[in-house]
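Student: Sequence:
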Amino acid sequence: MSSPTPLKFLAPGWFALVMGLCGLSLAWGRAAGPLGEMATGLALVLGALALLVFGVLLAASVVRASRYPQALDEDLRHPARHAFVAALPVSLLLLAAVGVALGGADGPLTPLWRVLWWVGSLTQLWATLWVLGRWLAPAAASQPGLGAGNTGLWPGITPVLLIPVVGNVVAPLGGLPLGIDGWSAAQLGIGLFLWPVVFTLVLVRRIAHSPLPERLMPAWFITLAPPSVIGLVLVQLQAPLVLVQALWGIALFTLLLLLPVARRVASQPFTIAFWALSFPLAAFTSLTLRLTELQPGSGWHGALQNAGVLLLAATSMVVLWLGFATVRGLRDGTLLAPEPVANIIPASA
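Residue numbering for the sequence shown follows my numbering, starting at 1 and increasing by one per position.
No wet-lab data here; the hints were simulated from the structure. Treat the hints with care, since some could be wrong.
[Said to hold, decoys possible] In the DMTMM-like style, the derived pairs of lysine to aspartate or glutamate whose C-alpha atoms are separated by at most 20 Å in a straight line are:
no., residue 1, residue 2
1, K8, E293
2, K8, D106
3, K8, E339
4, K8, E74
[To be verified] Label-pair ranges, simulated between beta-carbon atoms:
no., residue 1, residue 2, range
5, W135, A65, 37 to 47 Å
6, P296, L44, 22 to 32 Å
7, S210, F253, 36 to 46 Å
8, P296, A60, 41 to 51 Å
9, M38, Q238, 41 to 51 Å
10, G333, R264, 46 to 56 Å
11, A65, T200, 20 to 30 Å
12, A208, G36, 49 to 59 Å
From the three backbone atoms N, C-alpha and C, an ideal C-beta is built for every residue, glycine too.
Let the hints inform the model, and build the full structure from the sequences given.
Tutor: Set out below in structure tokens:
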């Protein structure tokens, strides 16, 4: 019997590559002030690469859905992997944000960015309703193999659920420059409402129920994304500086809290879940650089700017390493393959 093609295992989580590349493109674009035209050039290259990767993944995903519908159905039914479906619309929203940030809201490609944004926005709303709506589904209350009183929801409460939330707060990044103020604000409100709810549930699951599987440990870094992106959106909305600083403080605290997790993640075999590090780190880098621009005369301007540049260098190295590791995994056949059962057993920490 012939082994299944690797295409069968191209899960929606692969769109995290696009999210990471878009996030890094936005971060380099924000660094044009301290680093000059070189930063803008790198931002353009990364944005083009993100668009190319998105096109390849989208085409491959369509082929996969037609050839292996049962594999897609398994992803959508999986208690943890199903939330990765939101990575596709988030990628669309980020591509639109990159296009507007680098090409302007009145450039020749503005109609394309507007189409990408609306498709991403509406699909993101659907993904959020679908993912979180599973909590209310009757089937969730009676999964086989679960003890009495267990609703069966806790295995699916992971940081991956924040992807639908992050997607909603990402919408204003491209929507506000495009003049879509009302709908952008509405989606921001959805994200602001759901972020603390999901984050609290994730903490409760970790403390009172069971730790995350080892293969999902990189997903903890997704918790860095909401405060970072919300801070960037508040700048666009011309919110008081103190609110932006508060969100930056939350993001910084989250990053410091995740440093021990980073050491554990680095000791694991590489999987596509490692790309969960990329976009949150890039978003925090962008917020740091943006905060520097807002405080040109403050006493800590220089230190904050240096921190932003160092973060940009570190994030770039992380994404570069992720890229090389992904190419190596594709070459060795360790990525587009069935998940090893041993690696999804929960571990303490």
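Student: All hints are to be evaluated individually against the structure, with a verdict given for each.
Tutor: Each hint, compared with the structure:
no.	hint	result
1	K8 to E293	46 Å, violated
2	K8 to D106	41 Å, violated
3	K8 to E339	12 Å, holds
4	K8 to E74	11 Å, holds
5	W135 to A65: 37 to 47 Å	25 Å, violated
6	P296 to L44: 22 to 32 Å	26 Å, holds
7	S210 to F253: 36 to 46 Å	25 Å, violated
8	P296 to A60: 41 to 51 Å	46 Å, holds
9	M38 to Q238: 41 to 51 Å	29 Å, violated
10	G333 to R264: 46 to 56 Å	25 Å, violated
11	A65 to T200: 20 to 30 Å	34 Å, violated
12	A208 to G36: 49 to 59 Å	51 Å, holds
Of the numbered hints stated above, those contradicted by the structure are hints 1, 2, 5, 7, 9, 10, 11, listed in ascending order.
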